[in-house]
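Trainee: Sequence:
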Amino acid sequence: MLCIIEAMKLFNEIESDVKGKIVKVLADDASPVEYDQPLFLVEPA
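In this text, residue positions in the sequence shown follow the working numbering: the first is 1, and each later residue adds one.
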């Protein structure tokens, strides 16, 4: 599991498509995000 997104009081687990290391978080904690918005930069393993 990569992260959990809360939408309308439902918590959705988000899984990564690739294995690797998160090198940068692009979204601020508790800030709204849009569909298909990048949340992390991942360095593939």
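These are computed hints drawn from the structure, not numbers from a lab.
Ideal Cβ positions, reconstructed from N, Cα and C, are used throughout, including at glycine.
Keep in mind that a hint or two might mislead.
What the hints assert, rightly or not - No farther apart than 30 Å at their CA atoms in a straight line, the calculated lysine-lysine pairs in the DSS-like style are these: (1) Lys24 x Lys9; (2) Lys21 x Lys9; (3) Lys9 x Lys19.
Unchecked claim - Cβ-Cβ distance ranges computed for the label pairs, FRET-style: (4) Glu43 x Met1: 27 to 37 Å; (5) Tyr35 x Met1: 27 to 37 Å; (6) Met8 x Asp36: 27 to 37 Å; (7) Lys9 x Pro44: 33 to 43 Å; (8) Lys9 x Glu34: 25 to 35 Å; (9) Lys9 x Ala45: 12 to 22 Å; (10) Pro44 x Met8: 15 to 25 Å; (11) Glu13 x Glu34: 12 to 22 Å; (12) Leu41 x Asn12: 31 to 41 Å; (13) Gln37 x Phe11: 26 to 36 Å; (14) Glu43 x Met8: 25 to 35 Å; (15) Val23 x Met1: 29 to 39 Å; (16) Phe11 x Asp36: 15 to 25 Å; (17) Lys9 x Glu43: 13 to 23 Å.
Trainee: Per the hint of 13 to 23 Å, is the separation of the Cβ atoms of Lys9 and Glu43 within bounds?
Mentor: 34 Å, violated
Trainee: Between Lys9 and Ala45, does the C-beta distance stay in 12 to 22 Å?
Mentor: The hinted range 12 to 22 Å is violated for Lys9 and Ala45, with Cβ atoms some 35 Å apart.
Trainee: Do the Cβ positions of Lys9 and Pro44 conform to the proposed distance bound of 33 to 43 Å?
Mentor: Between Lys9 and Pro44, where Cβ atoms are some 34 Å apart, the hint holds.
Trainee: In this structure, is the beta-carbon distance linking Glu13 and Glu34 contained in 12 to 22 Å?
Mentor: 19 Å, holds
Trainee: Cβ-Cβ distance between Glu43 and Met8: within 25 to 35 Å?
Mentor: 33 Å, holds
Trainee: Keeping to a limit of 30 Å between CA atoms, is the pair of Lys24 and Lys9 held or broken?
Mentor: The hint holds at about 27 Å.
Trainee: Holds or violated: are the alpha carbons of Lys21 and Lys9 at most 30 Å from each other?
Mentor: Measuring from Cα to Cα gives roughly 29 Å; hence the hint holds.
Trainee: Assuming the hint says 27 to 37 Å, is it satisfied by the Cβ distance from Glu43 to Met1 or not?
Mentor: Hint violated: Cβ distance 18 Å, outside 27 to 37 Å.
Trainee: Would the pair Lys9 and Lys19 pass a check requiring their Cα atoms to be no farther apart than 30 Å?
Mentor: The given pair, whose Cα atoms are some 29 Å apart, holds under the 30 Å limit.
Trainee: Using the C-beta atoms of Leu41 and Asn12, is the stated range 31 to 41 Å upheld?
Mentor: 21 Å, violated
Trainee: In this structure, is the beta-carbon distance linking Tyr35 and Met1 contained in 27 to 37 Å?
Mentor: Violated - the Cβ-Cβ distance for Tyr35 and Met1, about 19 Å, lies outside 27 to 37 Å.
Trainee: Given the range 27 to 37 Å, decide if the beta-carbon distance of Met8 to Asp36 lies inside it.
Mentor: 18 Å, violated
When each numbered hint is compared with the structure, violations occur for hints 4, 5, 6, 8, 9, 10, 12, 13, 15, 17.
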